[in-house]
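Enquirer: Spelled out from the first residue to the last, the chains are:
There are 2 protein chains.
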Amino acid sequence: MIRYHNAKVLTMTKGIETEYCEVWTDGDKIVYIGQPTAQELQAVRFDSDYDLKGNILMPSFKNAHTHSAMTFLRSYADDMPLQDWLFKQVFPMEAKLNGERVYWLTKLAIMEYLSSGCTAAFDMYFELDSYVKACTESGFRSVLCGAVSGGKENAKVLEERYLKYNGLHPLISFMLGFHAEYTAEKELMEAIGRLAEKYKAPVAMHNSETAKEVRECVEKYGLTPTALFDSMGIFSYGGAGFHCVHMSDEDIEIFKKRSVYAVHCPGSNVKLASGIAPVVKMMNRGINVALGTDGPASNNCLDMFREMFLMTGLQKILLGDASACPAEKVIEAATVGGARAMGLEDCDVLAVGKQADMVVIDINRPNMQPLNNIGKNIVFSGSKENVKMTVCAGRVLYKDGEFRIGESPEVVYARANDIITEMKSE
Amino acid sequence: MIRYHNAKVLTMTKGIETEYCEVWTDGDKIVYIGQPTAQELQAVRFDSDYDLKGNILMPSFKNAHTHSAMTFLRSYADDMPLQDWLFKQVFPMEAKLNGERVYWLTKLAIMEYLSSGCTAAFDMYFELDSYVKACTESGFRSVLCGAVSGGKENAKVLEERYLKYNGLHPLISFMLGFHAEYTAEKELMEAIGRLAEKYKAPVAMHNSETAKEVRECVEKYGLTPTALFDSMGIFSYGGAGFHCVHMSDEDIEIFKKRSVYAVHCPGSNVKLASGIAPVVKMMNRGINVALGTDGPASNNCLDMFREMFLMTGLQKILLGDASACPAEKVIEAATVGGARAMGLEDCDVLAVGKQADMVVIDINRPNMQPLNNIGKNIVFSGSKENVKMTVCAGRVLYKDGEFRIGESPEVVYARANDIITEMKSE
Numbered sequence: 001m002i003r004y005h006n007a008k009v010l011t012m013t014k015g016i017e018t019e020y021c022e023v024w025t026d027g028d029k030i031v032y033i034g035q036p037t038a039q040e041l042q043a044v045r046f047d048s049d050y051d052l053k054g055n056i057l058m059p060s061f062k063n064a065h066t067h068s069a070m071t072f073l074r075s076y077a078d079d080m081p082l083q084d085w086l087f088k089q090v091f092p093m094e095a096k097l098n099g100e101r102v103y104w105l106t107k108l109a110i111m112e113y114l115s116s117g118c119t120a121a122f123d124m125y126f127e128l129d130s131y132v133k134a135c136t137e138s139g140f141r142s143v144l145c146g147a148v149s150g151g152k153e154n155a156k157v158l159e160e161r162y163l164k165y166n167g168l169h170p171l172i173s174f175m176l177g178f179h180a181e182y183t184a185e186k187e188l189m190e191a192i193g194r195l196a197e198k199y200k201a202p203v204a205m206h207n208s209e210t211a212k213e214v215r216e217c218v219e220k221y222g223l224t225p226t227a228l229f230d231s232m233g234i235f236s237y238g239g240a241g242f243h244c245v246h247m248s249d250e251d252i253e254i255f256k257k258r259s260v261y262a263v264h265c266p267g268s269n270v271k272l273a274s275g276i277a278p279v280v281k282m283m284n285r286g287i288n289v290a291l292g293t294d295g296p297a298s299n300n301c302l303d304m305f306r307e308m309f310l311m312t313g314l315q316k317i318l319l320g321d322a323s324a325c326p327a328e329k330v331i332e333a334a335t336v337g338g339a340r341a342m343g344l345e346d347c348d349v350l351a352v353g354k355q356a357d358m359v360v361i362d363i364n365r366p367n368m369q370p371l372n373n374i375g376k377n378i379v380f381s382g383s384k385e386n387v388k389m390t391v392c393a394g395r396v397l398y399k400d401g402e403f404r405i406g407e408s409p410e411v412v413y414a415r416a417n418d419i420i421t422e423m424k425s426e
Numbered sequence: 001m002i003r004y005h006n007a008k009v010l011t012m013t014k015g016i017e018t019e020y021c022e023v024w025t026d027g028d029k030i031v032y033i034g035q036p037t038a039q040e041l042q043a044v045r046f047d048s049d050y051d052l053k054g055n056i057l058m059p060s061f062k063n064a065h066t067h068s069a070m071t072f073l074r075s076y077a078d079d080m081p082l083q084d085w086l087f088k089q090v091f092p093m094e095a096k097l098n099g100e101r102v103y104w105l106t107k108l109a110i111m112e113y114l115s116s117g118c119t120a121a122f123d124m125y126f127e128l129d130s131y132v133k134a135c136t137e138s139g140f141r142s143v144l145c146g147a148v149s150g151g152k153e154n155a156k157v158l159e160e161r162y163l164k165y166n167g168l169h170p171l172i173s174f175m176l177g178f179h180a181e182y183t184a185e186k187e188l189m190e191a192i193g194r195l196a197e198k199y200k201a202p203v204a205m206h207n208s209e210t211a212k213e214v215r216e217c218v219e220k221y222g223l224t225p226t227a228l229f230d231s232m233g234i235f236s237y238g239g240a241g242f243h244c245v246h247m248s249d250e251d252i253e254i255f256k257k258r259s260v261y262a263v264h265c266p267g268s269n270v271k272l273a274s275g276i277a278p279v280v281k282m283m284n285r286g287i288n289v290a291l292g293t294d295g296p297a298s299n300n301c302l303d304m305f306r307e308m309f310l311m312t313g314l315q316k317i318l319l320g321d322a323s324a325c326p327a328e329k330v331i332e333a334a335t336v337g338g339a340r341a342m343g344l345e346d347c348d349v350l351a352v353g354k355q356a357d358m359v360v361i362d363i364n365r366p367n368m369q370p371l372n373n374i375g376k377n378i379v380f381s382g383s384k385e386n387v388k389m390t391v392c393a394g395r396v397l398y399k400d401g402e403f404r405i406g407e408s409p410e411v412v413y414a415r416a417n418d419i420i421t422e423m424k425s426e
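Chains A and B supply the protein sequences, listed in that same order.
Using this note's numbering, the first residue of the first sequence is number 1, and each one after it goes up by one.
Using this note's numbering, the first residue of the second sequence is number 1, and each one after it goes up by one.
Any given hint could turn out to be false.
You can't tell identical chains apart in this list, so a pair holds if it fits in one copy or across any two.
Stated by the list, open to error - Result set (DSSO-like, lysine-lysine): computed pairs, CA atoms no more than 30 Å apart in a straight line:
id, residue 1, residue 2
1, Lys212, Lys281
2, Lys399, Lys53
3, Lys14, Lys257
4, Lys399, Lys8
5, Lys8, Lys424
6, Lys257, Lys96
7, Lys29, Lys14
8, Lys53, Lys424
Derived from the structure by calculation, the hints contain no laboratory data.
Just so you know, these numbers come straight off a predicted model, no measurement behind them.
Using the sequences and the accompanying hints, generate a full structural model.
Expert: Now the structure itself:
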């Protein structure tokens, strides 16, 4: 058992309210939250004992949309129009990836997630075995999102993966999905709708990220992407749409009716000039919102603190209302919302029996002082400098700037640089 | 002399290009930049020798608009409409400030500046002697911006301060200024115009931050704030406008003609829903742009990395163009632009004879890898976790998370919390 004590614990079970108490974990689970008596304490033998020195212990952040291994394209092609970026820079380089490269590039991403207090990624990419190896070796949780496109991949491949990766490892699960309407054949999407029905399973995909995507979908099918997916039964058991920037009122109603999560990616949306998602409008309609960084090629960093500030800041600008999208809603989306969008109901809050996926926020830094309001401090002032410890499935993977993921940082950095150098010359 | 070696040096004298070399400082100045021979090295006795391990050494960031001592209001009143925030929360609490409180609250702000690689603040607030004491004791550079309003303060007070604080201490200077049009009498502004003429000096103030401010000024004077100031001779010798969110084409022409700096504060502008400043439009017209955080009550953090990402991100959204406001322009604004807007021409770039105001950016963190492009990495991925060392006027004030500013962090945090607690109960 591991003991975390002398903490302000923010369980997220009763809003943004902290309680001075302690948390014990056993294996991957939380087994106790409270203020034990001296007698109760004496009865337990702890393997480790962390004095958190009055800092905040809270559920870790969940990154509900990313393409982890795209770390190789960080700062490779920025400040350029979306189409040039995608077709001239991203796609030609991605064609040079292989399993070994994805492994190392994922390791680099996992380090960055941990340094921002994040313990789970909803990842859509290639070379899944290598990705899974990087995650499980590191002790990092991930939900793989089916990424089949037309052509060489099809619904049969998707089904095989769904069956293969669910149950493979406690840290890994797989959600049915596909890249996006604009990269999928009609037949593929219809087949995925049938898979959703067969397994009574949710489906996730990029949805209404750009105005162009929506316009061209309407031209082709007479329906928005959201309405098209719904008409094919894809949302019959819920799911998630990544980005959801250009949503009609009807789209929002479909998300509501089908309990589909909107995964907001504000960093990517500003960097690629995609627009500002109607997050407050969606939340007001009762739609669940999660938060994601998108991949490091389009953000470029994997920092949930940046996303949290942007989520509230952009809504304030969009609506011309400084009270829009308060900090409490943002923390909820970044923790509880993300976990639930990914089907990780046992990782959403701190409670006995839940997975021990936690972060310690260092309040003894100038940006967190004075302590007028912890929730506002986290969203409006928080940064990676405040991540003191990141715990995934009961294991401390990051502490005081040091990583405990098997590989040394120097090796990961060297491999990442070698890989991009090799790819440029190939 | 102090030696900084094994560094990628970004002098900012030739764009965003780094050179592997070393920098030597003596007292507050840079005395050497280059790659010395073994013989040259042997001829010098260094007091300190820093191996920067391949990290980036560059000009420190300059925070060109802030109200440092407002740290006490961090997270005190967020997610509320601007008018409620200002009149119900900010003004009543500010009335309870005194010199001793301003001293401690400023110390806290300086710590946060240093942790974000910033060595100078263009500060507008009260209790200047206490503010100056906090800065000079810490070794932190500051330009005081005159903040007289109507009523008890007048142009005579401003002139006295101008004469008193300029020349008082090498780290301190004073620029003529006033809060804003909407808090100043016509006579005061006219008198400040005459002071500008008398001293052939630039003048700085809040300018066109909100649509309401501009609308009401036009109703009152028939002129925008910018045109009004210009008509009074306030801009005859240049100056700076803080925020500049709602600028007409004519306003921009005046800024251009008078060489007035636009100080962009994107974090504050989104948090208070003020709008997005036309930064690219202004830069395209040749207006110099600097970057500021605004005070911690309206941001809430004092983090130049956040401001840098927001500067480019918001322009991309405003213009619907992912290539707008490239990273290089942003770094320029955050370093060179800020220094020049503040009249700190000797702190703008790294060159022999310039002030040694520098920051070491740690690239051995996951968010900076791989090293495709250092400039893009700094703006799009950089964060306070990458600030390894902050040097002001040749003194290392921050290194590896530790502060060297006289007071211990614990004392500063305790005082800040005591102060806000006392103020709440008064």
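Enquirer: Evaluate each hint against the coordinates.
Expert: Quick rundown of the hints versus the structure:
no. : hint            : result
1   : Lys212 - Lys281 : both (22 Å within a copy, 25 Å between copies)
2   : Lys399 - Lys53  : both (14 Å within a copy, 22 Å between copies)
3   : Lys14 - Lys257  : within (26 Å within a copy, 57 Å between copies)
4   : Lys399 - Lys8   : both (18 Å within a copy, 28 Å between copies)
5   : Lys8 - Lys424   : between (48 Å within a copy, 22 Å between copies)
6   : Lys257 - Lys96  : neither (41 Å within a copy, 52 Å between copies)
7   : Lys29 - Lys14   : within (20 Å within a copy, 55 Å between copies)
8   : Lys53 - Lys424  : between (47 Å within a copy, 26 Å between copies)
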